Amino acid sequence: MRALFLNVKLSCFRFLILAAATATISLLQTTNAWVQESLSIIEVKRVLAQAIHEARTRGVGAAIAVSDRSGNILAVYNMIGANRQFNAAGVDCTVGLSNIPVGCVVVTSDPKRPNGVPGKGGLERLDVPGPVAAIAKAITGAYLSSSGNAFTTRTASQIVQEHFNPKERFSPSGPLFGVQFSQLPCSDLVIAENSSAVTIGPKRSPLGLAADPGGIPLYKNNQVVGAIGVISDGLYSLDPNIGDFDNDLDELIALAGTVGFEAPIDIRGNRITVEGKTFRFTDRGYRALKSQASEAVPFDRLDRSVGGLTEIGTYFAGTIRRGTAFGTPASGYRANTTGEYGPLNAFILVDGNNQPRFSPRDGTEGMPEALTANEVRTIIRNALTIAFRARAQIRRPLGDHAHVTVSVVDTNGAIVGLARTPDGPVFGTDVSLQKARTAAFFSNRNAGNELIAGNLGNYVLQARSVLGPTALSDGIAFADRSGGNLSRPYLPDGVINAPPGPFSKPISEWSIFNTGLQLDLVAANLVAHRSFLLGLSSVDTASGCTSLPLRPETAKSRIPNGIQIFPGSVPIYRNNVLIGGLGVSGDGIDQDDMISLLGLHNAGLELGTGIGNAPRGIRADLLFANGTRLRYVSCPFAPFLDSADQTPCSGK
Amino acid sequence: MLKVTNIITSILFLLLSLSATTISAASENLELVTWGSVLPNAMIDTNRASLNVQVEIGGDIPLKTHITAHTPAGNMLQRTNLGYWVPWSGKLDDLIDTFSPKSSNAINFKIFKDDDLSEELFPIKIMVAYRTATELKFGVFDLAGRRTQ
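The listed protein sequences correspond, in order, to chains A and B. With the first letter of the first sequence counted as 1, position 322 gets the number 322 in my numbering; the numbers rise by one all the way through. With the first letter of the second sequence counted as 1, position 65 gets the number 65 in my numbering; the numbers rise by one all the way through.
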């Protein structure tokens, strides 16, 4: 035994101790102001028992999962008879997991069509075991929520569809259009192992984020400690009609599970507005429940005939475990203690040895223009500074600042820095990285060739037919808002009967389960993971999405956690040379845009090394597609808590 | 049904062994390419990991050989010719020559030998590469860990 990875860790640890001892930067605000809460095993059992009691009272079965905020799956329980025996093709889709017969659920973009909508394609009509869908719903409820906002999978449904609000004809698409394809099982950022031995997060979700009602966050003392995900109707779908109030069984059963762990009323989605529209939290409240939580049979006394804990692949080993306290090293998120982001109360990701995962470092390109570690550090500090000054869009109480994650990548897609505000929603960790990589990728002159090499040349041809023959090879700078414009089923966005964007499926085929290039980049990875979970294959999806050409510097493609198609990123330039991408996620999309643009702009002014936003002459907002100008970024008006500045992005 | 437009064409094989695992060009016809080839995934015993990868080199004349690892936690490491794993900047110019032996039109990359990886997260992304006078050719695979008592 001559070489151990552990040796490297120890030497890194010694280096960090030395650095800390010699640092001259004062360390401010690096401790948490709040008591860090978590779910105990007893509490997990209580959540399960209450949900099971409601399901039994209603005479249905359900698959139920409980997650902590970092995505650790604390329990998966499958009730006998839950969900479906036959899939969309009429084939028996039940599987035996932990000696429990488990029904399947079918992906459908129309919940009134339980066998899917013909012609929609993508994930439509796919079936997965019910507990797999329950896990995705629990993770979604946990990841979208924070101490300032409580969102559910119903909220997710509202903000990912082709119109916002859904069915509001001619209104643009949802602000988080495409977020369902994040936290993917092939993401290189998320941690694949999910066990009591590996608690650090964020963890992956087997289906990405869910838009099917029935995923609801759990709170203790005003802190989100996790979520419950329930699926009982055999359909993994969405709510296409926000004009009514459903009696959704999944949601009602999940709601029963949250009794005693309710989200604070003032931060629920229905208290938060975007574009003058309130979000939906749940369609029914606690008064709609048919059971009394106090009468629930204690979990340990439930008869085996009711159901049982269910092992699911890498997600749950069959034994209930306690949650981690978010913000402690065990969760994988903690306060930064190096002072490298100045006095800001920055948080970072850490590994199982409590060592930083993504400290600022040089770009990997080996070219003289590449990002330096100090430049990365300065960009992140400036972006976080904007976040701490920005009035939050999606948080309560009013007057709170934005909470986000900031990621910086080089042109290879290598992560060269990542940090966040303390309470940013967890989903923004993976999404900010997707956004940074997406901006860097589409701004790269190699983008077209690499898509062609990945057998996705049809999208390149479509882009060139709309934007011109040199598109994706001419060095035009694409912010995520620009690429997002091209990824909508209507271009211009929301205009019914307009043609699709070149990266989108036509509306006849489009659904949230078949978005176009975004899904096609990762579809094979999702299929491989499903086969792995079903035991059809012994090989899990690779760590690193897509079949695009690999980079020797990273051993992955340039976009190894998939692309994201809603705003919040900009490419990074040194003078006229593309050197990376900056992604921000966690607050409103205009806020995310602003933090990206101004963070990079201000860093450039501070550094004086040529770092900055794309020259205005190469930005994608010079391009027209289907008669409409693409957008680069869109900043909010009067966005700051400490300034009356009306249009801070103007001229940047 | 699920429509897959970009299925990875490489067939992935899972090799289980409690002793040494070898991914061999003889059985898999493994080659490295400039845009990166996807090699068969491997699984090792985390307490005592041994792994070799053998690739064909065709008519190439390799001048240097390289082995790197990317961990789930974000660490980038490279293997030295003495078998130590040391931090790597991610820059190709900083790669160390592992002097992996060449024989009968193939290179044998020794990745691990009786190493203790029980404290590591998986999967670990491994890259093997060789450099000719004009280009770098490489391949990657995921290393999964089988934890034993």
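Just to be clear, a hint being listed does not mean it is correct.
Ranges between beta-carbon positions, derived for each pair [what the hints assert, rightly or not]:
{"id": "1", "chain 1": "A", "residue 1": "Arg616", "chain 2": "B", "residue 2": "Thr34", "range": "32 to 38 Å"}
{"id": "2", "chain 1": "A", "residue 1": "Arg464", "chain 2": "B", "residue 2": "Thr80", "range": "44 to 50 Å"}
{"id": "3", "chain 1": "A", "residue 1": "Gly608", "chain 2": "B", "residue 2": "Pro101", "range": "27 to 33 Å"}
{"id": "4", "chain 1": "B", "residue 1": "Arg147", "chain 2": "A", "residue 2": "Gly399", "range": "44 to 50 Å"}
{"id": "5", "chain 1": "B", "residue 1": "Thr80", "chain 2": "A", "residue 2": "Asn449", "range": "33 to 39 Å"}
{"id": "6", "chain 1": "A", "residue 1": "Leu622", "chain 2": "B", "residue 2": "Asp94", "range": "36 to 42 Å"}
{"id": "7", "chain 1": "B", "residue 1": "Pro101", "chain 2": "A", "residue 2": "Gln36", "range": "50 to 56 Å"}
{"id": "8", "chain 1": "B", "residue 1": "Lys102", "chain 2": "A", "residue 2": "Arg464", "range": "42 to 48 Å"}
{"id": "9", "chain 1": "B", "residue 1": "Asp93", "chain 2": "A", "residue 2": "Thr647", "range": "52 to 58 Å"}
{"id": "10", "chain 1": "A", "residue 1": "Asp645", "chain 2": "B", "residue 2": "Thr80", "range": "52 to 58 Å"}
Chain B is faced by these chain A residues, among others (derived, beta-carbon under 10 Å) [what the hints assert, rightly or not]:
{"id": "11", "residue": "Val495"}
{"id": "12", "residue": "Ile496"}
{"id": "13", "residue": "Leu536"}
{"id": "14", "residue": "Leu550"}
{"id": "15", "residue": "Lys556"}
No lab work stands behind these hints, which were simulated from the structure alone. Fair warning: this is a prediction, and the values are worked out from it, not measured in the lab. For glycine and all other residues, C-beta sits at the position ideal for the given N, C-alpha and C.
Taking the hints in turn, this is what the structure says about them:
1. At roughly 36 Å, the beta carbons of Arg616 (chain A) and Thr34 (chain B) sit within the given window of 32 to 38 Å.
2. For the pair Arg464 (chain A) and Thr80 (chain B), the supplied restraint of 44 to 50 Å holds, since their beta-carbon distance comes to about 46 Å.
3. Distance hint for Gly608 (chain A) and Pro101 (chain B): a CB-CB separation of about 50 Å, inconsistent with the stated range 27 to 33 Å.
4. One distance hint, 44 to 50 Å for the beta-carbon pair Arg147 (chain B) and Gly399 (chain A), holds here, with the actual separation near 49 Å.
5. Taken as a hint, the range 33 to 39 Å holds for the pair Thr80 (chain B) and Asn449 (chain A), whose Cβ atoms sit roughly 35 Å apart.
6. The supplied range of 36 to 42 Å is met by Leu622 (chain A) and Asp94 (chain B), whose beta-carbon atoms lie about 38 Å from each other.
7. Between Pro101 (chain B) and Gln36 (chain A) the C-beta distance comes to about 53 Å, which sits within the given range of 50 to 56 Å.
8. Between Lys102 (chain B) and Arg464 (chain A) the Cβ separation comes to about 44 Å, which falls inside the hinted range of 42 to 48 Å.
9. A beta carbon spacing of about 44 Å between Asp93 (chain B) and Thr647 (chain A) contradicts the range 52 to 58 Å that was offered as a hint.
10. In this structure, Asp645 (chain A) and Thr80 (chain B) meet the distance hint of 52 to 58 Å, their C-beta atoms being roughly 54 Å apart.
11. For Val495 (chain A), the interface hint is violated, the least distance from its beta-carbon to any beta-carbon of chain B being 27 Å, above 10 Å.
12. The interface hint given for Ile496 (chain A) is broken, as the beta carbon of that residue sits about 25 Å from the closest beta carbon of chain B, more than 10 Å.
13. Contact between Leu536 (chain A) and chain B, as hinted, is not supported at the beta carbon level, the nearest pair being about 13 Å apart and thus beyond 10 Å.
14. A distance limit of 10 Å between C-beta atoms decides the matter here; for Leu550 (chain A) the minimum to chain B is near 3 Å, and the interface restraint holds.
15. Checking Lys556 (chain A) against chain B: minimum C-beta separation of about 7 Å stays under 10 Å; hint holds.
Consistency note: the structure conflicts with the earlier hints numbered 3, 9, 11, 12, 13.
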